[in-house]
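Asks: Sequence:
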Amino acid sequence: MIPTLSTPAGTTAPTGSRLLRDPRTLLACGAVAGPLFLATGLALGLTDDSFDFASNALSQLSLGDSGWLHRVVFLATGALTLAGAAGIRKALPGTTAGTWAPRLVAVLGASFVLNSVFSADPGAGYPAGTPEGPPAAMSAHGAIHMLGAGAGFLALCVAFLLLAREFAAAGHRGWALACRITPAAVLAGFAASSASVLAFTAGAAAGLGCLTAVAVRLRHPLR
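Going by our numbering, the residue at position 56 of the sequence shown is 72; the numbering climbs one at a time, nothing skipped.
Here are the simulated distance ranges between beta carbons: (1) Ser82 with Arg181: 38 to 48 Å; (2) Arg37 with Asp65: 40 to 50 Å; (3) Ser82 with Ala184: 38 to 48 Å; (4) Ala153 with Val232: 39 to 49 Å; (5) Pro147 with Gly225: 29 to 39 Å; (6) Met154 with Leu193: 32 to 42 Å.
No lab work stands behind these hints, which were simulated from the structure alone.
C-beta: ideal position from N, C-alpha, C; glycine also.
Sequences are here, hints too, so could you generate the full structure?
Replies: Given below as structure tokens:
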């Protein structure tokens, strides 16, 4: 059975530094991470005339005029995801998922932090003045960026499979099914990235969206 989070009767809500260690707060941070990254990417992409969602990956926005902001969002997303990983650990004590899923989610968080420093390569006409098509050769920072993102989302997929087993054991079949389907959607999107950047974006969005949903669900009693 999956443990639930509650504040014992007669106690006050955590404040100050205790609030930062509270499972509900940590899970709320994890729930915000994905929407923050996707919403900021959408806003920056829509306001940049040289950015094309059909041709350019969101991570390339770090190269544009507002690249500094996108790098900050990468860093913030990583920090929030790491906090969410700690929240999952506190929400599922004494379980296999509670031991390993947080570590795997933390790999995703670390990959966002890493990619706030190592940017993607320019290409497909972005930033403005860049030739169309992929770069002639991948740079070192571009390779690190790609490997970091791949490792992070692969770790997230494994985390979902562990969480699916935990949800299934507690009788929450819908949540278990969602945690099993999402990895397939993420991997399918990444596999199709060479043919469609939108597929890659959709796969990443599916993973981040499911992580948000799981973090929100674990903040409330499971019935």
